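Chemist: Let the sequences and hints guide you as you build the complete structure.
Chains as they are written, first to last, in our numbering: chain A, 459 to 747; chain B, 459 to 747.
Quick caveat, the hints were computed from the structure, so don't treat them as lab data. A hint or two may mislead.
[Claimed, not checked] Residues from chain B that keep clear of chain A, each with C-beta distances beyond 12 angstroms, as calculated: (1) E473; (2) Q623; (3) K703; (4) G706; (5) L725; (6) R730; (7) D740; (8) M744.
[Unchecked claim] So the derived label-pair ranges between C-beta atoms look like this: (9) A:R722 to B:G654: 50 to 60 angstroms; (10) A:E733 to B:N622: 52 to 62 angstroms; (11) B:R730 to A:R466: 50 to 60 angstroms; (12) B:D551 to A:S626: 32 to 42 angstroms; (13) B:N622 to A:E711: 52 to 62 angstroms; (14) B:E661 to A:Q462: 44 to 54 angstroms; (15) B:E591 to A:R466: 34 to 44 angstroms; (16) B:N549 to A:Q462: 40 to 50 angstroms; (17) B:R631 to A:Q623: 45 to 55 angstroms; (18) A:Q623 to B:A588: 37 to 47 angstroms.
Because the structure is a prediction, the values reported are computed rather than measured. We treat Cβ as the ideally placed atom computed from N, Cα and C, and that holds for glycine.
Protein chains: 2
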Amino acid sequence: MDFQVRYREYAEEFERALLEFCDKMQFLPERLKESMRYSLTIGGKRLRPVLFLSALDMFGLDWKKELNIAIAIECIHTYSLIHDDLPAMDNDDFRRGKPSNHKMFGEAHAILAGDALLNLAYSMMFAESARGEEYLRAARYLCDAAGAGGMIAGQSADLLYTANQDASEEELRFVYDHKTGKLIVAPLVMAAMIAGVHSLDLEKFGEALGSLFQLTDDILDEKGDETLGKTLGKDKASDKLTIVKLYGLNASELQADLLAERCRLLLEPIERDTEFFRLLVDYVRMRKK
Amino acid sequence: MDFQVRYREYAEEFERALLEFCDKMQFLPERLKESMRYSLTIGGKRLRPVLFLSALDMFGLDWKKELNIAIAIECIHTYSLIHDDLPAMDNDDFRRGKPSNHKMFGEAHAILAGDALLNLAYSMMFAESARGEEYLRAARYLCDAAGAGGMIAGQSADLLYTANQDASEEELRFVYDHKTGKLIVAPLVMAAMIAGVHSLDLEKFGEALGSLFQLTDDILDEKGDETLGKTLGKDKASDKLTIVKLYGLNASELQADLLAERCRLLLEPIERDTEFFRLLVDYVRMRKK
Chain A
459 MDFQVRYREY
469 AEEFERALLE
479 FCDKMQFLPE
489 RLKESMRYSL
499 TIGGKRLRPV
509 LFLSALDMFG
519 LDWKKELNIA
529 IAIECIHTYS
539 LIHDDLPAMD
549 NDDFRRGKPS
559 NHKMFGEAHA
569 ILAGDALLNL
579 AYSMMFAESA
589 RGEEYLRAAR
599 YLCDAAGAGG
609 MIAGQSADLL
619 YTANQDASEE
629 ELRFVYDHKT
639 GKLIVAPLVM
649 AAMIAGVHSL
659 DLEKFGEALG
669 SLFQLTDDIL
679 DEKGDETLGK
689 TLGKDKASDK
699 LTIVKLYGLN
709 ASELQADLLA
719 ERCRLLLEPI
729 ERDTEFFRLL
739 VDYVRMRKK
Chain B
459 MDFQVRYREY
469 AEEFERALLE
479 FCDKMQFLPE
489 RLKESMRYSL
499 TIGGKRLRPV
509 LFLSALDMFG
519 LDWKKELNIA
529 IAIECIHTYS
539 LIHDDLPAMD
549 NDDFRRGKPS
559 NHKMFGEAHA
569 ILAGDALLNL
579 AYSMMFAESA
589 RGEEYLRAAR
599 YLCDAAGAGG
609 MIAGQSADLL
619 YTANQDASEE
629 ELRFVYDHKT
639 GKLIVAPLVM
649 AAMIAGVHSL
659 DLEKFGEALG
669 SLFQLTDDIL
679 DEKGDETLGK
689 TLGKDKASDK
699 LTIVKLYGLN
709 ASELQADLLA
719 ERCRLLLEPI
729 ERDTEFFRLL
739 VDYVRMRKK
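Modeler: Structure below.
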């Protein structure tokens, strides 16, 4: 299997559907719409939609029929980035190599665009829920993953814990598992729910993949790799505590290798063709951005 | 009918359910939870929950069975107030006579508490949607009313239009209809949907009531009545354009009387006992806060 080709197939189909969706958005004022559209279409790896679509594919479902749900997931991810970048939060002027939303549209509209994208995601998920019980279950899972017991708890913990240089590894892991992990697990579990498949194995894999993704993110930030697209070495320059700062770069690279191995092992009990996900683990481990 | 007694019955039952709900909220970090709880339980008229519960009552349904939906509606209202009060938005240090959320918990947690309340509302509505198609319909209506085609469009328009002293009456009405109106109409229409009743008359009444509510709000602000609980005369002191500024206080009072009369007329085609709503119109028109 050519991993890049497969990844691109999912991502490009998603991108096409997203642009079509954005073109159809009809509401006033124009500035609100433009602010939402800007951050939605600014690019990015589309990891969460790809996870969702490829998992549907693995379960033998017609993944091209579920692009709206992929868009809803990306809406939630995008809203979280917009709000995270705000001056009162992480205060980042760049995102995906472009000016962050509030630098383009002002803070007020960045707040509103984030709110609107979160709302839009659920508007789409309520519409999907009318298709059947399995869709409603998936919608509920997504909503819980994104909320005060999930991603938002992670954002809150990120603000509270990582500013403290004495934060424990347990606290940092809480941040990782919630802020990043929940929305990486969710697309996989949602796909399993829609397929009517028991998802515990896939859930465990998603949790490990989420940890790997966040760890490589912190490693890339520490290295200050120029292709990351965010303000470079931002965590490094700030007093923000990360696992990488706690253990150092070398130990973290080793930990990432072990996590990648754990991800591969967790795929083994899944009696499906998991090749794409095995290659995805390498991609996340070795990525440069 | 003693209007005050009836209003209090709905509001107090709601308040009891809300506190019970807040006590059951279990997630970390504590600061996020406290921030959400603070704004939810800070008081207020609970107009939207009361509209919802009293409309269910009018349709002969057991309104005490639907308190979770009333809480979800209030969560959305509360999130919008928290975000509206942020320095980048309306920049208001007080709300309901108490320090606004960001003055208590900082801007970052005010943003997150708002996000979390919006998310929580839909988490509750997804749970309710499992009860049947009419609940899913009501959930979708609420979501659309709150979103980029509804309340958030109004918040965006408020920022864009009311700063412009040449804004047209049409633009100001767009703000009123969306920012305030949508979430006053929604509880009424949702109740009708759950009752399985055609809701066009009630929807029209809700629209007029929403306009009346916003107009009396602006009149109270212009008068600088000390019981309003927000920063007094804030619109008056700022360059924010309102209908009251456009037409003057006397003409606005007259317009409010006409709107109240219109509300009463719109209740007539509804073949139910609408006495509570007739008295509610007087209450909204004559309120001091």
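Chemist: Hint by hint, note whether the structure agrees.
Modeler: Going down the list of hints, with the structure as the test:
1. E473: 21 angstroms, holds
2. Q623: 18 angstroms, holds
3. K703: 21 angstroms, holds
4. G706: 27 angstroms, holds
5. L725: Fine: 30 angstroms to the nearest Cβ keeps L725 of chain B off the interface.
6. R730: 28 angstroms, holds
7. D740: 33 angstroms, holds
8. M744: Its Cβ never comes within 12 angstroms of chain A, the nearest being 33 angstroms, so this holds.
9. A:R722 to B:G654: 50 to 60 angstroms: 53 angstroms, holds
10. A:E733 to B:N622: 52 to 62 angstroms: 58 angstroms, holds
11. B:R730 to A:R466: 50 to 60 angstroms: 58 angstroms, holds
12. B:D551 to A:S626: 32 to 42 angstroms: Once the Cβ atoms are compared, 35 angstroms apart, the range 32 to 42 angstroms for S626 of chain A and D551 of chain B holds.
13. B:N622 to A:E711: 52 to 62 angstroms: 55 angstroms, holds
14. B:E661 to A:Q462: 44 to 54 angstroms: 52 angstroms, holds
15. B:E591 to A:R466: 34 to 44 angstroms: Between E591 of chain B and R466 of chain A, where Cβ atoms are some 40 angstroms apart, the hint holds.
16. B:N549 to A:Q462: 40 to 50 angstroms: 48 angstroms, holds
17. B:R631 to A:Q623: 45 to 55 angstroms: 53 angstroms, holds
18. A:Q623 to B:A588: 37 to 47 angstroms: Cβ of Q623 of chain A to Cβ of A588 of chain B: about 45 angstroms, so the range 37 to 47 angstroms holds.
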